[in-house]
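S.K.: So the protein lines, in turn, are chains A and B.
One rule links them: number in the working numbering = place in the first sequence (from 1) + 5.
One rule links them: number in the working numbering = place in the second sequence (from 1) + 56.
Some clues are possibly wrong.
Distance windows between CB atoms, simulated [as the list claims (entries may be wrong)]: (1) A:Gln133 / B:Arg268: 52 to 58 Å; (2) A:Arg202 / B:Arg125: 45 to 51 Å; (3) A:Ala43 / B:Ala116: 30 to 36 Å; (4) A:Gln78 / B:Arg119: 37 to 43 Å.
Simulated from the structure, these hints should not be mistaken for lab results.
Bear in mind that the values here come from a model prediction, so they are computed numbers and not experimental data.
By construction, the Cβ of each residue, glycine as well, lies at the ideal position given by its N, Cα and C atoms.
The residues making up each chain are set out below.
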Amino acid sequence: MEGPCNILITGATDGIGLLLAKSYAARGHRVLATGRRALDDHRTYFGVERIVYLQADQQEPVRAAKLIAETAQKLGWENIDVAILNAAIGWAGSPDQEPARSVQNQIAINLTAPVCIAAEIAPWLFAQKGKLVLIGSTAVKGQGSFATYAATKAGLDGLARSLRAEWRGRAAVQIIHPGPTQTDMHKKAGMSVGLARRLFMRPKRVVAAIERAVRSRSKRVVVTRSYAFFASKSKEGRL
Amino acid sequence: MTALVTGAANGLGRAIVERLLDAGHDVTAIDREENGLNALAVEYKGALTVCLCDLADPEAIARTVSSLREPAFDLVILNAGISATGRFEEIPPDAYKKLIDINLQAPILLTTALSRDNRVNKGGKLVYISSLSHAVGYPGAAVYAATKDALAIYARSIRKPFKKNGVGVLTVFPGPIRTDHAELHAPPGAKASKRMAPDVLAGLVLKAISSRKTELYPGGAAAMGRFFGRLMPGLATSAMKRAIYDKLDGNTY
Chain A
6 MEGPCNILIT GATDGIGLLL AKSYAARGHR VLATGRRALD DHRTYFGVER
56 IVYLQADQQE PVRAAKLIAE TAQKLGWENI DVAILNAAIG WAGSPDQEPA
106 RSVQNQIAIN LTAPVCIAAE IAPWLFAQKG KLVLIGSTAV KGQGSFATYA
156 ATKAGLDGLA RSLRAEWRGR AAVQIIHPGP TQTDMHKKAG MSVGLARRLF
206 MRPKRVVAAI ERAVRSRSKR VVVTRSYAFF ASKSKEGRL
Chain B
57 MTALVTGAAN GLGRAIVERL LDAGHDVTAI DREENGLNAL AVEYKGALTV
107 CLCDLADPEA IARTVSSLRE PAFDLVILNA GISATGRFEE IPPDAYKKLI
157 DINLQAPILL TTALSRDNRV NKGGKLVYIS SLSHAVGYPG AAVYAATKDA
207 LAIYARSIRK PFKKNGVGVL TVFPGPIRTD HAELHAPPGA KASKRMAPDV
257 LAGLVLKAIS SRKTELYPGG AAAMGRFFGR LMPGLATSAM KRAIYDKLDG
307 NTY
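Given only the sequences and the hints, what does the whole structure look like? Please build it.
M.R.: This is the structure:
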């Protein structure tokens with residue numbers, strides 16, 4: 006199989022999703038990028054051709070999933086080679102103080118939306134044995150100050166495990182758990198990390214690591230500092 | 057002791073409520089099924105408070121919590137759950153939203169709403185009913201499994217912070233239970249006699265509550281599933297696929 010791929014990336018207006026979208030598009034792939042925000046001029050925003058932007062707010066997961074499927078249809082895509090479901094938000098603090106609204110938004114955006122999107126785009130993934138990539142977090146084992154966030158990521162981990170078995174022979178399912186990265190995630194979650202931020206991985210490295218993981222056949226990848234370091238040295242393939 | 061139990065009208069929830077009431081405790085029972093709740097209320101007068109609530113609705117949860125008569129509870133058992141079985145891509149997104157809202161969002165919202173106002177007593181306990189699928193995976197109910205994994209990790213996350221407030225956390229990972237709900241979702245030909253009776257499970261849960269346990273894999277089958285799932289996770293999920301997914305004859309949600 007040669008030539009450009011059809012790639013879906015959710016949560017592509019910031020952070021890791023934005024870098025992934027730009028990187029794949031710059032290498033000639035067709036990218037459908039989604040985000041919560043309305044962008045006036047997405048060509049200027051991404052600075053790369055071949056990115057189609059769709060505003061799909063995952064706070065309404067069922068609607069966002071339908072919009073994505075409709076857009077793939079409108080674009081005339083016959084298949085999706087890789088779907089990277091990356092969009093996520095967090096809330097940091099003591100779990101007995103977590104506001105109901107934050108609980109609801111994290112569950113809708115981080116878990117319900119990827120579930121609904123995966124179900125809606127399944128026919129495109131099955132068309133040419135594509136790959137569903139779920140972006141988790143190293144918080145998947147549980148974290149006191151990120152309780153609901155950790156739960157949603159554990160949900161994705163469990164989804165990947167059972168869905169991989171269901172989809173065997175039809176489409177691949179992969180889960181990638183990145184460690185703390187120097188994006189705005191923590192700030193948006195209401196957490197001041199201070200100097201610890203210096204210990205976080207650089208977004209570029211994490212993106213290279215995710216791209217390497219997507220190229221690999223690994224079912225489950227934990228992006229540690231060393232994985233990211235070696236990934237940045239690895240050779241690029243078609244993807 | 058005062059206890060709050062969700063999903064109290066049927067199955068494990070009902071069995072737990074009955075055992076608590078028989079032991080002389082005060083129970084608040086939450087369910088969306090009016091008939092089941094009324095039957096309980098008729099059988100047990102006085103010590104039982106019933107509360108009709110659709111746990112898929114966050115606003116209904118908030119209203120219910122603020123209208124609860126008990127100022128605080130010693131025991132909160134978050135048991136309510138539904139399932140959706142079938143091929144992942146054939147179940148409609150609306151059904152998935154409801155599944156996640158009831159199995160995951162509701163227990164978290166109840167936890168935060170009660171703990172924010174200090175309505176769980178010191179020395180009290182929060183109990184989460186996850187599933188043995190946390191250990192072995194569940195092809196044919198991939199999103200159900202996801203909600204139960206998420207709930208298990210939520211419970212693990214809050215254990216330390218809640219310990220500071222003197223509140224304990226117990227997570228239960230039951231295998232198949234002999235209930236109408238399980239009957240509906242089991243593959244054809246599955247033997248009900250192999251599933252654990254709700255009353256037996258309720259007994260094990262209450263025993264674990266009075267111990268210092270933080271996790272309970274009730275019964276021999278669950279213990280074996282946990283062992284097998286830890287040792288050979290891939291093989292365990294493949295075995296689950298052959299036992300359940302490959303025998304599906306339709307979707308139930």
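S.K.: Which hints, by number, does the structure contradict?
M.R.: As far as the earlier hints go, not one is violated by this structure.
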